[in-house]
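The letter at position 122 of the sequence shown is residue 122 when you use the UniProt record's numbering, and the numbering goes up by one with no holes.
Rather than coming from a laboratory, the hints here were simulated on the basis of the structure.
Note that this is a predicted model, so its numbers are computed, not measured.
Please note: incorrect hints may appear among the correct ones.
Derived pair list, reagent style EDC-like, types lysine to aspartate or glutamate, alpha-carbon separation capped at 16 Å [stated by the list, open to error]:
#: 1; residue 1: 226; residue 2: 258
#: 2; residue 1: 95; residue 2: 252
#: 3; residue 1: 92; residue 2: 43
#: 4; residue 1: 103; residue 2: 252
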Amino acid sequence: MKRWGLAIRVKTRSDQANLEDGLQALAEFKTTIRQIILDNDIEDIYNADQTGINYEYIPKQTINKEGAKTVWIKCSGHEKDRITAMLLADAKGTKYPLFLVLKTQASKIKSVVQENLTQRNDFGRRVWNEITDLHDNFPLRIDGNPSAWWNSDISLPFLEYHRRGTSAKYVLLLWDDFSAHFTENVTVRAKELRVLLARVPPTFTWMCQPADVAWMKPIKALLRRKWVEFLRTQIAESHGGRGKAFRLGSPDRWDLVEWISDAWNTLPTSTVINGFVKCQIIDPPGNAVETCDFFAEDIVSGQILQTVVDSGEYEVVEMAEDLTEEVLQDA
Numbered sequence: 001m002k003r004w005g006l007a008i009r010v011k012t013r014s015d016q017a018n019l020e021d022g023l024q025a026l027a028e029f030k031t032t033i034r035q036i037i038l039d040n041d042i043e044d045i046y047n048a049d050q051t052g053i054n055y056e057y058i059p060k061q062t063i064n065k066e067g068a069k070t071v072w073i074k075c076s077g078h079e080k081d082r083i084t085a086m087l088l089a090d091a092k093g094t095k096y097p098l099f100l101v102l103k104t105q106a107s108k109i110k111s112v113v114q115e116n117l118t119q120r121n122d123f124g125r126r127v128w129n130e131i132t133d134l135h136d137n138f139p140l141r142i143d144g145n146p147s148a149w150w151n152s153d154i155s156l157p158f159l160e161y162h163r164r165g166t167s168a169k170y171v172l173l174l175w176d177d178f179s180a181h182f183t184e185n186v187t188v189r190a191k192e193l194r195v196l197l198a199r200v201p202p203t204f205t206w207m208c209q210p211a212d213v214a215w216m217k218p219i220k221a222l223l224r225r226k227w228v229e230f231l232r233t234q235i236a237e238s239h240g241g242r243g244k245a246f247r248l249g250s251p252d253r254w255d256l257v258e259w260i261s262d263a264w265n266t267l268p269t270s271t272v273i274n275g276f277v278k279c280q281i282i283d284p285p286g287n288a289v290e291t292c293d294f295f296a297e298d299i300v301s302g303q304i305l306q307t308v309v310d311s312g313e314y315e316v317v318e319m320a321e322d323l324t325e326e327v328l329q330d331a
């Protein structure tokens, strides 16, 4: 394999579409979006994208003895738990308050379910006290449901939350082709709020959606670093266990809300704008119009593929540089 310059690699994409298909989809998407902007005299262009925020960021690989059939990685047992964060920013680089979905138990009493839905964002009375404190400390909106997944019932308050007291002029919102974004009640409400919804091509979000192209990589990287710091703090405070087996703890709601808030707040304005530029939704600042070649070079160099890796769907772990692996070995 070395003779031919080949090596075993971790996948970054699995699809029938190739780079040429992606470039064609990008060109068609650019034409469609720019025509919508022209026809409707659009001044404000937004992109919203949801992403899962994990309670733990367990590496997919670790160092272990050869031949072992079972390979253990120490964790708190909450690696599958998550919350959902909807990110919203515009082509001018403005980042808007986060909209989070947390997991909460649904009541079995109909009257309580309705009360929770209308008065407490679907949370019960006890949990609502904590949610209220989070609202007081962070500029965001938190809703709840039993799965912590996004659905059409949450798409409605999301639109209403960000379009309160707005002018009659239409705005354009780029949203990926997820069913909960384009149900009849959502599209009707969006029209009432003067929001034009545009679908990002479902197979090509890695090329056509600003959030996937530019925002997610630095956000996911910072979230992983914060989790590693969280582990190191636990290990440091355990003082060697003092004769007891060390048990990793899981971050709580406050930790996750703080982490994603910090990650979103520290995302540079230039990175937000760059996402729209790379997707050819707007021209580069200074009216220096760049051709599609600059984007293709980024893809060939691996920048866009690495963005897909860091989106959380796929992962490449380099053992020599993986801090998570190092911390878990120390534990």
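What hints, given by number in increasing order, does this structure fail? 2
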